[in-house]
Amino acid sequence: MKFPYSMLLDYVSTSLNAEEAGDLLTMAGFELEDIEEVDGEPVLDVKVMSNRGDGLSMLGLAREILAKDEAAIPTALYEKAAGRFAQAVPGSFHNPVSVEIKTDDCRRFACRLFRNVTNGASPAWVQDRLKKAGQRPISLFVDLTNYVMLELGQPLHAFDFDRIGVDKIVVRQAAPGENLKTLDGQEHELLPNQMMICDDRLPISVAGVMGGEATEVHQGTTTVLLESANFLNTSIRKTRKQMGFNTDASYRFERSVDPDGVVAAIERFTELLGEPGSAIVDSYPGRRERQPLTLRVDRANRMLGFKVPSHQAQQYLERLGMEVAGHGDPFFVIPPSWRPDLAREIDLIEEVGRVHGYERIPEEMPVGLSTQGGTRGALHNLDRLTESAIRSGFIQLVSHSLRDLHPLDAATPRVEPRSPASPDMAYLRNSLWPSLSDAVNRNGGRDLHLFEVGKVFSKAGDCYVEEREMSFVSIGALLPTEKQGETVPQAEFFSLKGELLGILAQAGWTAEAVLPKATDARLHPTRQASLKLSNGSEIGKVGQIHPDIAEAGRLPLGTILAELDLDVLLCQPQEGISLKPVSRNPAVRRDIALLIEKSIPFSRIRETVEQAGGDVLERQWLFDQFEGQGIPEGKHSLGIALQLRKLGSNLTDEEANQVRETVVAALATLGGTTR
Amino acid sequence: MSQSKEMSEVSSIKDAGLREVGEAASTALLKELHAKYLGKSGLLSLQMRKLGEIRDPDAKREFGRTLNESKAELETALAERMEGVKQGERLAQFQAEAIDVTMPGRPAKLGFEHIIAQTSNKIKRVMGGLGFEYLEGPELEELRYNFSALNYPPDHPAMDDQDTFYVTDEKLLRTQCTALQGRVFESRKPPLRVVTIGKTFRNEAIDRTHNHTFHQVDCFMIDEGVSMAHLKGTLGLFARAMFGSEVKVRFRPDFFPFVEPGVDYAISTPRLFNGKWVELGGAGLIHPNILEAYGIDSERYSGFAFGLGVERIPMMAYGVDDLRHFMENDLRFLSKFQAEYAVN
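Line order of the protein sequences matches chains F and C. First residue of the first sequence? That's 14 in this note's numbering, and the numbers climb one at a time after it. First residue of the second sequence? That's 75 in this note's numbering, and the numbers climb one at a time after it.
If you are wondering where the hints come from, they were derived from the structure by calculation, not from laboratory data. There may be inaccurate statements among the hints.
[As the list claims (entries may be wrong)] Computed cross-link-like contacts, DSS-like style, restricted to lysine-lysine with a CA-CA straight-line distance of at most 25 Å:
{"hint": "1", "chain 1": "C", "residue 1": "124", "chain 2": "C", "residue 2": "114"}
{"hint": "2", "chain 1": "F", "residue 1": "251", "chain 2": "C", "residue 2": "245"}
{"hint": "3", "chain 1": "C", "residue 1": "245", "chain 2": "F", "residue 2": "468"}
{"hint": "4", "chain 1": "C", "residue 1": "322", "chain 2": "F", "residue 2": "468"}
{"hint": "5", "chain 1": "C", "residue 1": "322", "chain 2": "F", "residue 2": "81"}
Note that the structure is a prediction, hence the values are computed from the model and not measured.
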């Protein structure tokens, strides 16, 4: 809310300058967003909290200054407003208008008729102040409604009474099929949940939002019907959202307007117009008894963390317009009509604290029973996985969950937000690979090893599924080099597989790569594997990108991708650590040159060696693989090294040879022969 | 006399040895000389055999002493010469093997954490040290956890403060990580200390200071007697861990439906913005309506909550001037944050 400082000074007399008053309001919760000098006078822009509609007026802000600045005193105008302009001259003639309220959404409706008045330009000082408040002067009648709204917070509407034509006003919900052209020239088809001000037949104004064009005041208007009403905030909010605009009136009604200030605003308008009007017709079906709240000062002090003496707490509350009864602890407090936000004791505690000043709250540390801090369980394991990935040389990414379509999207049905502000946030990603792909392309497309932990989204029937994944991309040199012609290992299926198994092992899981049950269409059909734990759980996949997808996504053909399904993985039991005695005896190596059908998976060979090798087989590894010249078609030669060691005594040559022979014999069952 | 003949032979071997050692210019040659004179079948060692041929005990003793002294003398000379020659040889070797240490090192393949993760991990460590457990909630959240469980009145303008991505009437992308509170209150009982960090979403136009997605940290605790002073103390410690030990914290009234009293908090430190107050986030005591809705006795228990944008921390600490950088995954930007700087 923008306003010239002089307008606030009409309501409160203070030695504070505009900046100091702005600071005071800021520390009271009404944040000074801007202050600027306009025509030699400071203009303040104050942000009012959404539960404090009462602060959207000079009167409301003056109350805050009076509560916090002990040196400030109320002006005569403030006293009049606080007294609801009750001393005003009564109307000089009968008001012929009858008001009928047919909806609970209207709490109060009052009006006054002005006859033989002349519209024209408003006084220069009114125009000047409105301009400074960011409003465009229109005409005397309209400007005065806006001026009074700025002073008292009560929206007013001036009708050209002659254009209404009848002396009946009905406040009701719109009927099906009704239309109204609002004074901005827009034609609206009205909905039954929208509240209208009507004549005896048709809507003439959208209640609390905007007047109708047909009954608008104009230069020739001589009879004005001034409306001052109070509407339910939720109803106004719904209507203005449906109609798609926001007015100063709807903004205030949504944040609640004081229902007891309705008549006072008419009196203030009358005073400024300087013309006597009719008697006021006032219908107030929504009047509510205000319930007293209990305030325990002792509890307030405990919650706030400082000590406010009870007489001081009482003063604070009274300065904010509350009626306080009872002496000492507890108080009984009746909040004023303009403070619907004060609903229970804690709200009063906040008021005491706010006026006393939050800067007086000391810093203390919580005491008492603590809880185990940090990460536990699955989230701890996730931290561990992430650390291992970083240790393995992968760079961590964080990318958007919302994105556009991509060739690397998964096949699962996507989730879409309803009205995204732009097409690049049209979908919730169903895979992390598109995000990794974007990062690859953004960073040159070569020699990149990246990973991300994030959520992916899909739909299963009517259910929305949110899953956590960890995905990897590996492209190009595994060892960075700047030297021309230096041969360094490049990313391939087996490099990422090896890294993944290592990362998983460091987080406590032993995994293996197996042929997938169903292939992933984004990956090379014969170069992909499922990752499986020893208990059989499938926890992810790894593979080379499908050449078509690589082309569509502008990625190198040698791009290797992997993903871990963290929702499954993180719940899997980790392998315990089982310690074995460490042998101090020397190891013996035996090699086997195995000639075998290529169709036999290496995993079977490894298992066979493992079983046949027995306890003394400490480690086995594949040190050579060869096919081609000298090797029969369909077969390959594998060089397998066995590292053998005994606990407590040295392994003899004979014993080592024995183990080798046993292993060779076992491999013969797979059709393997030694060369 | 045969004895003196034997003695003079020893002496001439020794002298020859000393001369050769004196002239030897390499460690290799010195090793050879050691073998030649003092080795198992070295010239001096072989003289030992003559000891058996000498009958006269005095002469025998005299010969043995002379032989031992000669061996010792040659041994010492060899060792001294060896020392000198070796030094010279090493010097030559080192000169020949000199490298230009300013030539490039081999680039290492180093992974590193994203700056958001680095900041989040720091928050987890600091809050973890205060007994706050780290938990996470879903990004695609239910309307009720995001709003009504947090004491938002139905159809209240407070919901307009955040432009929301709705997926259905009941499902939305969370606008605040505070949405975790209801989920925790459903399943746990006080005392509670929780910290959560995650993505939050706002359906709004993007510019340097606004993004449709950013990260938020939300901390809350419930226990007996928790007060605004405890909130200020905890926030003060947190802010000093993030921005340095000179940080001061200021509270200002503000409205969030889920806290009462509600404040926004600002920090000031001579290190940043010349000590100007900078708003960091919102905080307050958890609204008793929320406690009661989850069956927590609001007379016995109270709690506090505070939240802030994760990106705010590196933006302020390192002067990052564009929020969009954080989620663009440009390694030229991310690699700047491989180091984590200690502020205290």
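Structure-based check of each hint:
Restraint check for residue 124 (chain C) and residue 114 (chain C): satisfied, since their Cα atoms lie roughly 15 Å apart, inside the 25 Å limit. Proximity of residue 251 (chain F) to residue 245 (chain C) is assessed by CA-CA distance (about 20 Å); at most 25 Å being required, the pair is judged to hold. Annotation: proposed proximity of residue 245 (chain C) to residue 468 (chain F) holds, straight-line Cα distance about 16 Å (limit 25 Å). Restraint check for residue 322 (chain C) and residue 468 (chain F): the C-alpha separation of about 37 Å exceeds 25 Å, so the hint is violated.
With a C-alpha separation of about 23 Å, the suggested pairing of residue 322 (chain C) with residue 81 (chain F) holds against the 25 Å cut-off.
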